[in-house]
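Peer 1: Based on the sequences and whatever the hints tell you, model everything.
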Amino acid sequence: MKTLSNVLYITSPEVYLSLDGENVVVRKDEHTSTRLPLHNLENIVCFNWQGVSPALMGACAERGIGLAFLSPNGRFLGRVTGKVYGNVLLRKKQYLISEHESQCVPIASSFLIGKIYNSRKVIERALRDHGLLVDKDTLGRASAFLKEILKGLTTCKHIPELMAFEGSAAKIYFSVFDQLILQQKEDFHFEERSRRPPLDNMNSLLSFLYTLLTNEAMSALEAVGLDPYVGFLHADRPGRPSLALDLMEELRPVFADRLALSLVNRKQITGKGFTQKESGGILMDDDTRKTVITAWQERKKEEIEHPYLKERIPFGLIPHVQALLLARYLRGDLDAYPPFFWN
Amino acid sequence: MPREYSADELLPLSGIQHFLFCRRQWALIHVEMQWKENVLTAEGRLMHQRVDDPFFTEVRNGVILARSVPIASYRLGLSGICDAVEFTSSPEGVKIPGREGKYLPIPVEYKRGRPKSDPVDEVQLCAQAMCLEEMLSVSIPAGYLYYGETRHRTAVNLGNELRELVQKMAGEMHAYFERGYTPKVKPSKACRSCSLIDICLPNVQEKATSVANYIREWVERD
Ligand code: SF4
Numbered sequence: 001m002k003t004l005s006n007v008l009y010i011t012s013p014e015v016y017l018s019l020d021g022e023n024v025v026v027r028k029d030e031h032t033s034t035r036l037p038l039h040n041l042e043n044i045v046c047f048n049w050q051g052v053s054p055a056l057m058g059a060c061a062e063r064g065i066g067l068a069f070l071s072p073n074g075r076f077l078g079r080v081t082g083k084v085y086g087n088v089l090l091r092k093k094q095y096l097i098s099e100h101e102s103q104c105v106p107i108a109s110s111f112l113i114g115k116i117y118n119s120r121k122v123i124e125r126a127l128r129d130h131g132l133l134v135d136k137d138t139l140g141r142a143s144a145f146l147k148e149i150l151k152g153l154t155t156c157k158h159i160p161e162l163m164a165f166e167g168s169a170a171k172i173y174f175s176v177f178d179q180l181i182l183q184q185k186e187d188f189h190f191e192e193r194s195r196r197p198p199l200d201n202m203n204s205l206l207s208f209l210y211t212l213l214t215n216e217a218m219s220a221l222e223a224v225g226l227d228p229y230v231g232f233l234h235a236d237r238p239g240r241p242s243l244a245l246d247l248m249e250e251l252r253p254v255f256a257d258r259l260a261l262s263l264v265n266r267k268q269i270t271g272k273g274f275t276q277k278e279s280g281g282i283l284m285d286d287d288t289r290k291t292v293i294t295a296w297q298e299r300k301k302e303e304i305e306h307p308y309l310k311e312r313i314p315f316g317l318i319p320h321v322q323a324l325l326l327a328r329y330l331r332g333d334l335d336a337y338p339p340f341f342w343n
Numbered sequence: 001m002p003r004e005y006s007a008d009e010l011l012p013l014s015g016i017q018h019f020l021f022c023r024r025q026w027a028l029i030h031v032e033m034q035w036k037e038n039v040l041t042a043e044g045r046l047m048h049q050r051v052d053d054p055f056f057t058e059v060r061n062g063v064i065l066a067r068s069v070p071i072a073s074y075r076l077g078l079s080g081i082c083d084a085v086e087f088t089s090s091p092e093g094v095k096i097p098g099r100e101g102k103y104l105p106i107p108v109e110y111k112r113g114r115p116k117s118d119p120v121d122e123v124q125l126c127a128q129a130m131c132l133e134e135m136l137s138v139s140i141p142a143g144y145l146y147y148g149e150t151r152h153r154t155a156v157n158l159g160n161e162l163r164e165l166v167q168k169m170a171g172e173m174h175a176y177f178e179r180g181y182t183p184k185v186k187p188s189k190a191c192r193s194c195s196l197i198d199i200c201l202p203n204v205q206e207k208a209t210s211v212a213n214y215i216r217e218w219v220e221r222d
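Protein sequence lines correspond, in order, to chains A and Z.
Residue numbers for the first sequence follow the numbering used here, so the first one is 1 and each next one is one higher.
Residue numbers for the second sequence follow the numbering used here, so the first one is 1 and each next one is one higher.
Just to be clear, a hint being listed does not mean it is correct.
[What the hints assert, rightly or not] Keeping only pairs whose Cα atoms sit at most 16 angstroms apart, straight-line, the calculated EDC-like set for lysine to aspartate or glutamate is: (1) Z:K186 <-> A:D333; (2) A:K300 <-> A:E62; (3) A:K151 <-> Z:D83; (4) A:K310 <-> Z:D83; (5) Z:K184 <-> A:E42; (6) A:K93 <-> A:D333; (7) Z:K189 <-> A:E42; (8) Z:K111 <-> Z:E133.
Calculated directly from the structure, the hints in this document are not laboratory data.
Since the structure is predicted, the reported quantities are computational estimates derived from the model, not experimental observations.
Peer 2: As structure tokens, then:
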């Protein structure tokens, strides 16, 4: 399979990006600038305040290079898209299916089957690798419970029913998540998921990784011509990238949860990298953000065998491959949407 | 009466090469708009670097050379840009604005590589000639293909067989386009050199009926 797309992450809030010939120029002040050829770049993700020159936006749009803007804290602000936006025929099909619950169910259940399989795998890995450090009984029970839910999911006929299964799965998974944190317990612990704002360091880390993943899912969907805003599991809501959230379900445990755990367990990040604001919300500092992004990039380079394609691909391509498989299913080339199962 | 297409319906003439290479590739690019930077835009950019100045018309040994000539045929339903058109003085030719006498247009297409075994380049050249014929009401018996690697140009006789092939390809392209149809994969040798292989996933379809089994198998695993 193909080469891994190159993503340029701009992590310093104060830089400005511009175009010079076929290069992107990253300028910090009058004296420091870096040049990178646009050729081979597939995505630029900016966590800066100053933004990007209109000429560079135009060049990205023309070449189909994704250009996304996020606030330095990782809140999604917007993206630049070119003249060719998606594939009308494919999107019409997507909208049509999204209107019929009975046609959404098989796709939505694939997403959730993938999610719960992979969540269970995160637990199983901890049991396998750290059997002596963890509470085997509780984790074993959680794993067995998830397996039951997995079976239940395959026979669901309605979205609310699917949601109920996923609700119980999430509850049990997050109830044991704290036990998977093996180091730096005083700084990293997990009681429950909090998002807006994240109220502890672990939640802040997870939220940031989910943001990176959302962005990858959105560009993958756009790249195959799908509309990231119209989902099958997540209901439509203005401004919510429902399909990207759908696609992320199966990828979260592998891309984000597992990475968050290893960053903490290997002490690659520490509690010092987080600040609690007056409101209780947590902010991640620049250096920690850089460390996380570097680990994320490294992760994306690792190769795995795709369980359905049976081909070795870099991790970072999984969102793209899944988006493609989804498009193929919607076009009628496949009998179901094959989720990504992590082995 | 053969049908005439409207301006909105014209398809890119350069698509003929994709269509002949693999119909699915053409449909992925032109129907599904799944183009990749390395296929279309890069080609376009290279072309512009090569063709020095589209507004400059050279006269050499009495031959007028026009570069980057926009062309269209409403009968074929195709439009595009001709790399170069040579106008040679000829009584069979046409009058061109601002020039004395009559000139016969001959399309010249530049290719980076070397001559190929299949007629892709000839078909594309012939389509260009047919556009010029329709626009200028003239008949063009031949055109030139110039290959960068061999630095040679070859005269191509634009016979009936070639013209019929162009007609047929253009008709099929329009039929696919109207239906929004992307042909199923037929994995072939061509796939190995296809720049859309990662979008097309030719070997996915071979497993086409097995996703339900795949899911069942994984769910039941321990
Ligand atoms: S990969 Fe093969 S079947 Fe698919 S578009 Fe390319 S040549 Fe055609």
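Peer 1: Confirm or reject each hint.
Peer 2: Evaluation of the provided hints:
With a C-alpha separation of about 13 angstroms, the suggested pairing of K186 (chain Z) with D333 (chain A) holds against the 16 angstroms cut-off. Distance restraint check for K300 (chain A) and E62 (chain A): the Cα-Cα separation of roughly 26 angstroms exceeds the 16 angstroms cut-off, and the hinted pair is therefore not satisfied. Proximity of K151 (chain A) to D83 (chain Z) is assessed by CA-CA distance (about 61 angstroms); at most 16 angstroms being required, the pair is judged violated. Straight-line distance between C-alpha atoms of K310 (chain A) and D83 (chain Z) comes to about 44 angstroms, which puts the hinted pair past the 16 angstroms bound.
For a cut-off of 16 angstroms, the pair hint linking K184 (chain Z) to E42 (chain A) is broken: about 27 angstroms separates their Cα positions. Note on K93 (chain A) and D333 (chain A): the hinted pairing holds, with a Cα-Cα distance of about 13 angstroms set against a maximum of 16 angstroms. A C-alpha spacing of about 27 angstroms is found between K189 (chain Z) and E42 (chain A), which places the hinted pair above 16 angstroms, so the restraint is violated. With a CA separation close to 22 angstroms, the supplied pair K111 (chain Z) and E133 (chain Z) exceeds the 16 angstroms bound.
Hint compliance for this structure: hints 2, 3, 4, 5, 7, 8 are broken, all remaining hints hold.
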